[in-house]
Structure formats: C-alpha cells, structure tokens
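There are 2 protein chains.
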Amino acid sequence: MFESDLKPVTLNQQALNDLAVGCAFLGSGGGGDPHYALLELSILIEKKGPDFHIDLIPASKLSDKDLVAPCGWLGAPTVSLEKLPSGTEALAGLEMLEEIMGREVNAVFPVEIGGSNGLAPLILAVKTGLPVVDCDGMGRAFPESQMVIFNVHGVSASPAVLTDAKGNSFVIGAVDNITEERVARAAAVSLGGICHLFEYVQSGKQVKDHAIHGTLSIAVEIGRSIREAKEKGADPFEALLDVMRSFPHYGAAGILFDGKIMDVKRETKQGFSVGHLLIEDFAGKNQMEIEFQNENLIARVGDKIYATVPDIISVMDRETAHTITTEQIKYGQRVKVVGVSAPSVLRTPEALEIMGPKAFGMSDRYRSIEALNGWKGSNDAQ
Amino acid sequence: MFESDLKPVTLNQQALNDLAVGCAFLGSGGGGDPHYALLELSILIEKKGPDFHIDLIPASKLSDKDLVAPCGWLGAPTVSLEKLPSGTEALAGLEMLEEIMGREVNAVFPVEIGGSNGLAPLILAVKTGLPVVDCDGMGRAFPESQMVIFNVHGVSASPAVLTDAKGNSFVIGAVDNITEERVARAAAVSLGGICHLFEYVQSGKQVKDHAIHGTLSIAVEIGRSIREAKEKGADPFEALLDVMRSFPHYGAAGILFDGKIMDVKRETKQGFSVGHLLIEDFAGKNQMEIEFQNENLIARVGDKIYATVPDIISVMDRETAHTITTEQIKYGQRVKVVGVSAPSVLRTPEALEIMGPKAFGMSDRYRSIEALNGWKGSNDAQ
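The listed protein sequences derive, respectively, from chains A and B. For what it's worth, our numbering labels the leading residue of the first sequence as 1, then goes sequentially. For what it's worth, our numbering labels the leading residue of the second sequence as 1, then goes sequentially.
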C-alpha cells in the first residue's frame, strides 16, 4: 500500500523553503525548529551555484540490496536552540557507519519528516552527493526513536551511530529497540543534550516495504500551498486544510482551536522538552490545554479530548500560518491549532502499542481525530 | 621506577582465595565485593582439573607492540549485589574490541586492583587462555574511570567497549577521557547500573611505562599474610600492616580507628553508591565518619582528618580481618579502619588533580596519610 509512484522531485531554494514550512507542520510541534537547518542548507546550495538542486528519488528506484541509512538528531529541541551543530556530526557518523557495515551507504532519508529532522539528510546529501529517498519512518515526528514504523515491522535499530559536535562518537549494538533509544538518549544527555544519529539502517527492500512514502514531497506541497495562498491574499489555513485532505497518507484535517497562548510550562528533562501550554479563545471563555514531550501529544478543552498521538497536532501562528515548534511557544502568541489524521499504519493496534496514548503513559484509549471531531475519515483509513 | 622484576606467578585455588582478600583490601572499600567473582573463578578452575592454574606474567615479558586490554566492571557496587553477570559480557566485549582494533588482544589486566575488579581479567583469561599481566592502573580502586594512571600519562580511554548481561554493546569513541567516563556511566545506568568495560587499550610499551606493577601478586601476599596469621593464632592486622609496610608501592600503614558501625547512609545515585558511615569506639567517646563514593574517600573524627583519597582507607571486620566493601557495610559490624599510603605516582600534582580530594569536590588540600598520622613515610615517596 505504500508503493510510491512518485517521480524524482527536484528541490531548488524555494522548494527548500517550502519544505521547511511543511516539515515544521508535520512535526506536530517537534523535530526542532527547521530555521537553522534551512540556513545551513541554503548556504551550502548557494556555494554550489545557481543551477544546483537536490533530487529526491522515490523508494521504487532503490535496488533491493541497497544500504539505506535513516538519520536525524536526537535530543531536546530546547537544547538545539542554543547548542548549534559543528556541521561535522553527520559526515563523521556516516564514515563510521560505513566502516561498521563494511560497505558504502547508497542513500539516506529522514528518520522523521518533522521539523529540522526532515531537512537533516538533505544537508548530508549536498555534502556527499548521496541521493535522498522521498520517504520517512514516521509520517510526522515522535519524541522517542523506537516510535517509528520500522520498529513496528521488527527492523533492528542497531547498529546505531551517535556523533556530537565535539567529535565524540558511539556505536550502539542494542538487543532491542527500546534499549537502543534508552542508551542513545542517556549518551546524548551526557554529551550536552543533542546528537546526530543513524539508526534503523536497512536494505532498499525494507525501505520499499515499510517506509512512509512521498512525505518529503508532501512537505514541499504543504509549504507551497501556504505560501501561494498568502501570495494570492487567500486564507493559508484553508489552503493547508485542502491540501492535507488531498494526500494519500492523511485526509482528515481541521482547525481545533483559535486563540492566544496564556501559559507555557516547559522543562528540559531526561533528554526531552516536556510541558504543557494553555490557549484561551478570544472570547476568553474556553481554554485548550496541550501536553507535549518534544511533540504535542494531546489537546483537550476541559474534559473533552480533541486529538491525541499519533494524530498530528500543530500549533500555528495565525498570521503567517507557520508552525510554532514546542520549544518556541511563548506567552501571547496568537495561534490556530490544526489537527490532521495520522497515516493509517500508525493507527494499527501494533503501532498504537508503540506510539499511541498508552506509550506515553496516558490512560485514554486512542480515538481517531475524525471520530473525536465528527470529521470525514482519513484517506487511507479504509 | 615501575619496572617490575617479578617472576611469573602461578595462582592455584588457595592463591585465588588470598587474591580476593587482598583485592578487597586494596579496593579502599570499592571495586565490588569479590565474593561472586571468586565463586565464578573457582567453578571455572575446578572444571579444568586439579592441575590447572593461572599464570601472571610481569609486564617486562610483554612485547612493546603487544595489544593489551585493561578491563573491569563499571557501575554501582550496590547494583552488583543483585544484578549478576551473565558470564558472556567480557567475551563479547573482547570480540568486539578485536574487531575494532583489527587485531588480536595479546594480554589483559585489571584496570583497578580493587575488589572484584581485581579478579575480572582472570575469569576472562581462564575462558580464553589469554595471559594476565601482573599490574593494574590504580594500585587501588577509584569510582570514576578517568581516575587511572594511564589518564595521568595521556593514554586515551577510547575506543572503549561496554557490554551488558543481555547482550547489549556500546563502543565509545570519546575525544577526552572525562567524556568517556561520563558517557560510559550514563550508558551503564541506562542499562541497569553495571556493565563490563574495556578501556585504555594500550601497547605493551605503555603497560611497561605507566602501569602500577606487581599489584596482583601484592594482593595475593596480602591475603596470604592475613590467612597465615589467623592459622597461627597471630594478629592478622599486625601481619597485614607488616606486609603493607614491606611493599615498594605502599609502605606507611596503620590502624586509624577501632569500633562499631553506628550509622550508614547509602544511596545508588547516577551510577555510583554514595553515602557515609559512622563508627563509634567501644568507649562510646569518639566517632569516625567516612564518606564514600563506591570507595572510601575521607576519614575524620570531628574536625581532624585521618586520611583522604588517594590514600587507601579500608574498613575491615575486626574478627576475620577481611575488608567490608562499602555496599556491604551494615549497622552493628565491629570493624577496624586500616589506612595505607597510596603509590607515589598517585600523589603527584598531576595525579592529585585527577584523583585527589579536589577531584571529589572536597575543599581540603591533600595531605599524606603519614603526615596526618605522624607515621613513617611511604616506601616510594622519596
């Protein structure tokens, strides 16, 4: 059901700007603000000259035996605001990974499409010439690395390679994927809170069978819809909802709340940015509370739940229609909360065990965002 | 100054029993109770038949280009009381280390002579046939892995290989030795609190130049002196002090306190067993307080300090003259506290930076145990 028929997609600077906007949206508040990654990518591309562009290849172009490396950053997004990368982390990790595997890596892709992590493999691709596969492992972002579709399908996270800005490197050989997350998180915390990670290294066949396909080009489309609506003076939220309803993996989408940030409680704890935020509507009557662990996990008004993981909850600036990631939320911001149905592969009983409300210690059973809000069903739910 | 002229030493079961007693003593309360390691070793040797024995080789027998791997366990000794090893940790780590180094390891030795860690490489040696070098890296035990003579001499702790009882493995490539400790500790905590570790892997030349030589056979002598004194009905403490005064690395030795354990505060925190204990003399007049972090760090009565790291502070059962490691200290035990001067290489300004009182956050400047107690100087202090 995931076999993508997408053609290779060419990304120029404008497409990359759009991609950053789309990744922030799909991140459900997490994955880190893509601002810095976009700057780094833009500088790299500018140096390559005006005709340079990045090609995304569909997974169908991979050979079954290709070695494909998902990558991204692990840690608390709050840390990434102050602790900038050195730019050497991913390359050092790639070299080490190739040494361990005894062969070259053939392609990379984002382990999660959310936030700056959606852009991470593109930076590596510009530096190395490696192709980027148009897919990811989550169809959004999740805070813990075992919350990935490859784990649902029994792919091993190990060997994983963790590298940091100072040149430290760690190879993790964990017997299970929860242990991989736990050790990687502990190591990242001990190194200052954020590290680059290769994990769930897999064959081309596994990428074709299990990845969530087309999500990089979907993110570009999201950014473009918002930008074009604003250029035309149209409502960017209407454009966003329309385009989200058109994508195969998503479908159900709507505005959950409209108001002003009244309170934020956020702490950086055990390698995560955790807390909750309160949004009050402009009538001053109702408040939506959103709990987050890097990503927004649950949105409720009083006792009524509007959305929970794995469905996407994105808090967006109501003027620019750009997502505000959880580490950037501040008192006084005027926002709209947009909810979108998660890809159906994240909603199976097996997937919900790993990335549903229970996996976050919530007692609430998962109910789909469309059921909670009386919306039309998601596109791939049937 | 460390060049050993010791002959190869042959260890039979009785010598191993003596070694365990000596290692517990030199551990300064740390390194873990050697009871379990001795059991494991005894079973392995029994299976090999009555004529089997372990040979210790002096470092002078190493070739300069040999690859030599110090090893031991990292974690809180309190954890090791309940979480037993699987027996596969060291072998799995050795295999991984050889793969990383691209060559075979030629010999092993204990990274610290203290407690069960003094016996750890012997277990590996029986399983693999590898020779054990008669030396260690501390001349005692220390809680943190950068507190080792090789770090004073600029040897890199990396690549280090951490393995656990479940089959997890972790290869650490740290840019400095403090980071190696920090990440290894964080990983060990995340894996349940105790792991096997190869670190400071070095050449035969480095072992000859930097290791603290002869400490395994010294530990055997310590155990034998105590045992033989008891067999003869003599005072084992007198025998212990006599033998400690005779060794080149040590020299100053005495009984610091005699009394009953009145209070123990101990918690397992951040991968260490930390706390303090109070011993009251039998007249009920004075109390000695000892602070510990895995190892005993400082002993004082009121304001008067009797000993601090790196000098050795060993709390011993006053009947058996066996050391009680910090995780085994209990209310009511009747004990003598024995102090011994540390090897002079641990007392240089460079070494004290790494393993002196300041390294443990104490404001007290280091003063030698012989100066604090008005004893004759240590043997290698001149």
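The hints are simulated quantities; they were obtained by calculation from the structure and are not laboratory data. Note that the structure is predicted; figures quoted are calculated from it, not measured. Treat the hints with caution; some may be incorrect.
What the hints assert, rightly or not - Here are the simulated BS3-like pairs of lysine-lysine, each with C-alpha atoms no more than 27 Å apart in a straight line:
(1) A:K269 - B:K269
(2) B:K166 - A:K358
(3) B:K336 - B:K304
(4) B:K336 - B:K230
Claimed, not checked - What follows is a list of derived Cβ distance ranges for each label pair:
(5) A:R367 - B:S86: 40 to 50 Å
(6) B:L91 - A:K166: 46 to 56 Å
(7) A:K166 - B:G49: 48 to 58 Å
(8) A:T88 - B:G129: 54 to 64 Å
Said to hold, decoys possible - Among the chain B residues that face chain A by a calculated CB cut under 10 Å, a handful are:
(9) G49
(10) D51
(11) F52
(12) S158
(13) V171
(14) I172
(15) R185
(16) S190
We put the CB at the ideal spot given by N, CA and C, even for glycine.
Quick rundown of the hints versus the structure:
{"no.": "1", "hint": "A:K269 - B:K269", "result": "holds, 17 Å"}
{"no.": "2", "hint": "B:K166 - A:K358", "result": "holds, 26 Å"}
{"no.": "3", "hint": "B:K336 - B:K304", "result": "holds, 18 Å"}
{"no.": "4", "hint": "B:K336 - B:K230", "result": "holds, 16 Å"}
{"no.": "5", "hint": "A:R367 - B:S86: 40 to 50 Å", "result": "holds, 43 Å"}
{"no.": "6", "hint": "B:L91 - A:K166: 46 to 56 Å", "result": "violated, 32 Å"}
{"no.": "7", "hint": "A:K166 - B:G49: 48 to 58 Å", "result": "holds, 52 Å"}
{"no.": "8", "hint": "A:T88 - B:G129: 54 to 64 Å", "result": "violated, 42 Å"}
{"no.": "9", "hint": "G49", "result": "violated, 35 Å"}
{"no.": "10", "hint": "D51", "result": "violated, 39 Å"}
{"no.": "11", "hint": "F52", "result": "violated, 33 Å"}
{"no.": "12", "hint": "S158", "result": "holds, 9 Å"}
{"no.": "13", "hint": "V171", "result": "holds, 4 Å"}
{"no.": "14", "hint": "I172", "result": "holds, 6 Å"}
{"no.": "15", "hint": "R185", "result": "holds, 7 Å"}
{"no.": "16", "hint": "S190", "result": "holds, 4 Å"}
In the structure shown, a violation is registered for the earlier hints numbered 6, 8, 9, 10, 11, in ascending order.
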